[in-house]
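Sequence order for the protein chains is D and R.
Under our numbering, think of the first position of the first sequence as 1, with each following residue one higher.
Under our numbering, think of the first position of the second sequence as 307, with each following residue one higher.
Just so you know, these hints were derived from the structure itself, not from any lab.
We treat Cβ as the ideally placed atom computed from N, Cα and C, and that holds for glycine.
Errors might be hidden in some of the hints.
[Stated by the list, open to error] Looking from chain R toward chain D, a few residues come up when the C-beta cut is under 8 Å (computed):
no., residue
1, ILE311
2, LEU350
3, SER381
4, VAL390
5, MET412
6, THR419
7, SER480
Protein chains: 2
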Amino acid sequence: MSVDILQERIRKLKNPTMVCISPSALEIPMQIKDQVKQEYGETLKAAAEAYKLFSFGILDCLKDIVPAVSVVSGSFTALGADGVAAMQEVLQYAKRLGYYVLLDMMRCDLGQTADMLAASCFGTIQVGGQGYTPYECDGVLMSGYLGSDSVKPFTSYCSQGKNVFIIARSSNKSAREVQDLLSGDRVVYQVMADLAMRWSTGLFGKTGFSEIGIAVGATNTDVLKRLRSKYEQLFFLVPGFGAQGAGAKDAQYAFDRFGRGAAILAGRSILYAYQKHDDGGSNYQQYAIAAAEKMREQILSYITIY
Amino acid sequence: MSVDILQERIRKLKNPTMVCISPSALEIPMQIKDQVKQEYGETLKAAAEAYKLFSFGILDCLKDIVPAVSVVSGSFTALGADGVAAMQEVLQYAKRLGYYVLLDMMRCDLGQTADMLAASCFGTIQVGGQGYTPYECDGVLMSGYLGSDSVKPFTSYCSQGKNVFIIARSSNKSAREVQDLLSGDRVVYQVMADLAMRWSTGLFGKTGFSEIGIAVGATNTDVLKRLRSKYEQLFFLVPGFGAQGAGAKDAQYAFDRFGRGAAILAGRSILYAYQKHDDGGSNYQQYAIAAAEKMREQILSYITIY
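Model the full assembly from the supplied sequences, consistent with the hints where possible.
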């Protein structure tokens with residue numbers, strides 16, 4: 001089961017973090033921007049190439065420290081087709097380096113469109129006699145607002161070793177507007193978690209966790225505690241660490257008593273760690289490594305992974 | 307205001323429909339598939355080229371009948387970067403032909419990622435001294451599950467003539483699982499509509515409608531009636547017509563007493579109308595025209611557009 005592989009990689013590296021590969025044109029180190037400008041000028045292709053080189057650099061330097069990455073589709077998609085081409089290469093490269101690879105889709109689709117998107121990540125897109133998987137990955141993060149029939153096309157691959165994570169409670173301030181609404185005795189994000197459990201039938205791995213998990217922000221520790229105690233069999237992806245304000249003290253509540261069942265997401269605080277130092281970005285890898293090691297230590301000061 | 311332009315185009319063509327450009331590899335007419343195969347073989351590039359040619363063909367033949375199109379990003383995205391490149395061309399082509407062009411994103415993103423995505427549709431992505439708008443369009447359809455701060459990056463362009471439509475109540479069967487939950491005296495989809503109204507301050511056009519609208523499925527007429535009477539100032543995008551089971555009799559409730567304030571979405575029933583006839587697709591345009599005209603007549607048998 002794929003969730004077992006994720007948990008095993010976390011245990012082996014003694015690090016329950018997942019780094020978000022979300023490049024941003026403004027923050028990519030200058031030497032990478034200069035390099036692509038020479039070859040591609042001031043084009044979207046140049047920006048996409050810079051995203052790719054920077055992502056490759058981050059993936060290279062963290063591969064023995066960080067077990068998993070989340071490739072943020074929105075970042076790459078904003079650059080158009082060139083950005084999406086770069087993202088496909090980043091997904092492949094991360095897989096080749098041995099990472100557990102999540103595609104952060106942040107989508108919700110229906111019918112044939114959902115079927116095709118699920119196939120593009122987990123199955124094959126058939127063109128005549130040839131099959132392609134443009135976004136091959138181990139898991140996706142998506143929205144469940146449209147309900148079961150929007151998620152089923154993806155979860156139908158869970159029995160073949162793929163994971164689906166549903167946004168239950170996001171880490172942003174306005175999350176409460178919809179996600180915290182109380183309906184009967186359940187809050188909306190609990191309804192999402194209940195749906196994830198319902199879809200999980202027959203999909204539990206050796207570690208006891210389901211192939212279907214949820215995303216729960218670290219910025220609200222009450223929510224985190226409540227969900228962890230109620231949904232022992234759901235693996236949590238936990239955004240909100242670092243740049244968004246939550247720390248290891250908050251994130252600790254995402255784990256069960258064996259230090260399992262969660263991966264803490266961090267993006268900017270690791271990718272752009274170099275900005276806190278006056279070197280213009282030429283040593284961005286060194287600072288990313290230091291930030292990732294520090295994050296690991298912080299988390300391990302609160303939990304022990306068995 | 308952009309919503310006024312949409313309403314005016316509807317009035318002028320006396321047709322409140324929006325055609326969903328959602329190509330599907332399996333259903334594209336054979337002669338288009340043969341044509342691209344000769345040039346590109348059995349590749350994703352070939353499939354993307356077929357999507358593009360078919361979309362162009364549909365856009366060409368409906369331009370004097372249909373006022374607006376929704377380009378379904380999921381369909382094109384499933385083909386990887388080649389599909390996205392084709393989508394960018396389809397968006398441009400639709401605009402050039404004079405359509406009101408919606409990008410059906412079906413996304414929800416946060417922070418810098420949302421900022422960049424909004425800029426990629428409504429503003430400019432800056433690469434050094436050059437600016438690009440890979441997905442230039444008049445409006446987007448997106449999810450509001452993450453709340454105000456996920457939507458703001460997009461609605462901040464509404465004062466510059468762009469529309470944002472939020473999924474309130476989708477047309478699929480499982481929509482009820484989350485969207486129909488009752489919280490206090492409001493159902494979740496009403497909360498979405500209330501948020502759309504709250505975000506609309508200062509964004510009402512001459513026709514009285516807000517630049518921010520909602521999507522409400524035609525498959526549940528009770529919902530449609532309730533929302534129409536309660537949210538007089540929100541423009542509705544109404545999926546679920548045709549292939550999904552709803553008819554003009556249901557969709558009529560999306561309009562106000564002046565026959566305004568809504569566009570009925572239809573995809574498969576128009577794009578693949580040729581499949582009901584035994585010609586293998588060589589006259590797909592003729593059948594698409596007939597289906598679009600029939601849909602228009604059906605709707606106009608229930609409403610009058612003033």
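Any CB of chain D closer than 8 Å to the CB of R/MET412? holds, 5 Å
Take the shortest C-beta to C-beta distance between R/LEU350 and chain D; is it under 8 Å? holds, 5 Å
So, R/THR419 near chain D? Judge it on the closest CB pair being under 8 Å. Cβ of R/THR419 sits 4 Å from chain D, so the hint holds.
Hint check: is the beta carbon of R/SER381 less than 8 Å from a beta carbon of chain D? Cβ of R/SER381 sits 5 Å from chain D, so the hint holds.
Hey, does the R/SER480 contact hint survive, CB to chain D under 8 Å? holds, 3 Å
Residue hint R/VAL390, partner chain D, criterion CB-CB below 8 Å: holds, 4 Å
Restraint: R/ILE311 near chain D, CB-CB cut 8 Å. Satisfied or not? violated, 25 Å
Checked against the numbered hints above, the structure breaks only hint 1 and satisfies the rest.
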